[in-house]
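With the sequences and hints as input, model every part of the structure.
There are 2 protein chains.
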Amino acid sequence: MSAKDRTAVVLLSGGLDSSTVLALAISQGYRCHALTIAYGQRHQVELAAAARVAGAAGVAGHKTLALDLRMFGGSALTADIPVPHGRSMDSMASHIPCTYVPARNTIFLSLALAHAETLGAFDIFAGMNALDYSGYPDCRPEYLAAFEAMANLATRDAVEGKGRYRIHAPLLRLGKADIIRLGAAMGVDYSLTHSCYDPTPAGKACGTCDSCLLRLKGFQEAGMSDPALAAT
Amino acid sequence: MSAKDRTAVVLLSGGLDSSTVLALAISQGYRCHALTIAYGQRHQVELAAAARVAGAAGVAGHKTLALDLRMFGGSALTADIPVPHGRSMDSMASHIPCTYVPARNTIFLSLALAHAETLGAFDIFAGMNALDYSGYPDCRPEYLAAFEAMANLATRDAVEGKGRYRIHAPLLRLGKADIIRLGAAMGVDYSLTHSCYDPTPAGKACGTCDSCLLRLKGFQEAGMSDPALAAT
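In the order they appear, the protein sequences are chains A and B. The first sequence begins at 1 in this note's numbering and counts up one residue at a time. The second sequence begins at 1 in this note's numbering and counts up one residue at a time.
Everything labelled a hint here was simulated from the structure, so no lab data went into it. Watch out, some of these pointers could steer you wrong.
Coverage of chain A stretches by chain B, computed from C-beta distances (three or more under 8 Å per stretch; other residues unrestricted) [what the hints assert, rightly or not]:
{"no.": "1", "segment": "65-74"}
{"no.": "2", "segment": "93-104"}
{"no.": "3", "segment": "157-168"}
Pairs of lysine to aspartate or glutamate residues, derived as DMTMM-like cross-links and limited to a Cα-Cα distance of at most 25 Å, are as follows [stated by the list, open to error]:
{"no.": "4", "chain 1": "B", "residue 1": "Lys-162", "chain 2": "A", "residue 2": "Asp-90"}
{"no.": "5", "chain 1": "A", "residue 1": "Lys-63", "chain 2": "B", "residue 2": "Asp-68"}
{"no.": "6", "chain 1": "A", "residue 1": "Lys-162", "chain 2": "B", "residue 2": "Asp-90"}
{"no.": "7", "chain 1": "B", "residue 1": "Lys-162", "chain 2": "A", "residue 2": "Asp-80"}
{"no.": "8", "chain 1": "B", "residue 1": "Lys-162", "chain 2": "A", "residue 2": "Asp-157"}
{"no.": "9", "chain 1": "A", "residue 1": "Lys-162", "chain 2": "B", "residue 2": "Glu-142"}
The following label-pair restraints were derived from C-beta to C-beta distances [to be verified]:
{"no.": "10", "chain 1": "A", "residue 1": "Glu-160", "chain 2": "B", "residue 2": "Gln-220", "range": "23 to 33 Å"}
{"no.": "11", "chain 1": "A", "residue 1": "Leu-131", "chain 2": "B", "residue 2": "Gln-220", "range": "57 to 67 Å"}
{"no.": "12", "chain 1": "B", "residue 1": "Asp-68", "chain 2": "A", "residue 2": "Ser-94", "range": "32 to 42 Å"}
Glycine included, C-beta positions come from ideal geometry on N, C-alpha and C.
Right under this line is the structure:
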């Protein structure tokens with residue numbers, strides 16, 4: 001079966017990485033169902049970005065699932081813990097920061113797996129990358145391989161031999177500048193996306209959290225200006 | 001560190017198995033935080049059972065998290081698909097039934113993992129069993145081992161060497177009658193629990209779905225009467 005005949009679930013946060021992944025999956029011929037999780041994130045404004053990006057990309061479907069991870073807390077994104085600002089790239093690389101959300105990618109991939117199985121799909125796309133990232137353990141290749149192995153033991157369709165689930169993380173080994181160049185070449189409109197962890201009440205990016213700094217550095221290295229940050 | 005100093009997260013549905021697991025974890029000295037998922041299940045009456053069981057057991061905490069898996073559907077428990085009634089034990093063992101909820105245990109264990117990490121706990125208890133069960137792929141030992149391996153790559157506390165997550169499924173190799181004998185010996189009040197997939201609008205057990213039949217058979221083999229079904 002070629003990608004043209006295949007359905008995929010794409011985890012879409014509304015940020016730069018997942019928006020690029022969505023464009024990539026569509027360019028490869030997948031019928032894409034986008035899945036966004038409203039997990040009580042500080043930067044809820046990204047939910048509107050996800051809807052804009054999904055609409056512009058022409059997805060086969062887009063679901064937003066509510067799941068309040070503030071009930072557990074434990075992260076600057078889901079509890080009253082300040083988001084760090086103005087950190088150096090060395091500092092980001094040196095330890096796992098307080099913006100890490102416990103088990104978040106595992107929860108998100110599990111939900112994507114559930115959605116895929118109900119659609120009869122076996123391909124799940126997600127935007128993790130292990131370069132130019134914030135040191136999260138659930139963005140590493142060994143984690144993704146372990147999740148994929150588990151998924152193929154967890155599900156009826158896999159156990160009954162109907163197919164094998166694949167977790168696609170096509171950005172895993174790309175730097176932010178390469179991701180931006182790739183997206184720009186595919187026509188991704190980054191003005192629709194949102195990356196900031198700590199936006200103003202009006203939804204404007206702060207420009208100084210890890211996510212903004214990585215994004216700005218990426219656009220700078222790609223020799224482009226960031227249409228979303230430029231607008232704020 | 002002995003179990004006495006340890007905190008655990010216990011997935012508690014309000015059914016017979018998870019109520020027995022909760023009693024077992026408490027008897028081993030764990031400080032137990034029960035976690036119940038309101039996933040839009042047909043048998044929502046089990047949520048009230050979970051609250052009763054948690055209260056009677058004397059847990060350190062009990063959270064009920066809402067997550068509407070009806071958004072994906074694909075199961076008799078989360079969509080308008082009839083629950084099978086009156087099946088033989090052979091029929092149950094022969095294939096994965098329509099009451100299978102895609103990736104449900106993976107989603108639940110992921111949420112338990114998130115809760116555990118925010119509590120600083122490394123022990124997660126759940127009620128899966130691979131005998132006298134409905135053939136679900138995510139109740140098998142190889143699945144649970146794969147989930148545990150993945151969890152230890154997914155999380156900050158594991159990666160930073162603070163501990164190693166363990167998924168405890170102490171009922172995995174017990175039949176239903178053994179589970180009931182074990183629970184009864186620990187003083188579990190099974191009249192508080194609910195197992196039926198397809199209760200009446202008033203919340204009474206049907207007595208003929210897979211879950212009721214396995215439960216009834218278990219009590220019968222244990223030489224006991226079922227206080228919950230007897231009351232209906």
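A quick look at each hint next to the structure:
1. 65-74: The restraint on the segment 65-74 of chain A holds, since 9 of its residues have a Cβ under 8 Å from chain B and three suffice.
2. 93-104: With 6 residues closer than 8 Å to chain B, the segment 93-104 of chain A meets the three-residue bar; holds.
3. 157-168: With 3 residues close enough to chain B, the hint holds.
4. B:Lys-162 to A:Asp-90: holds, 23 Å
5. A:Lys-63 to B:Asp-68: Holds - the C-alpha atoms of Asp-68 (chain B) and Lys-63 (chain A) are around 12 Å apart, at most 25 Å.
6. A:Lys-162 to B:Asp-90: holds, 23 Å
7. B:Lys-162 to A:Asp-80: Holds, because 24 Å separates the two Cα atoms, which is no more than 25 Å.
8. B:Lys-162 to A:Asp-157: Not OK: Lys-162 (chain B) and Asp-157 (chain A) at ~36 Å, beyond 25 Å, violated.
9. A:Lys-162 to B:Glu-142: The given pair, whose Cα atoms are some 19 Å apart, holds under the 25 Å limit.
10. A:Glu-160 to B:Gln-220: 23 to 33 Å: 31 Å Cβ-Cβ, so the 23 to 33 Å window holds.
11. A:Leu-131 to B:Gln-220: 57 to 67 Å: holds, 60 Å
12. B:Asp-68 to A:Ser-94: 32 to 42 Å: holds, 39 Å
Of the hints listed earlier, the one the structure fails to meet is number 8.
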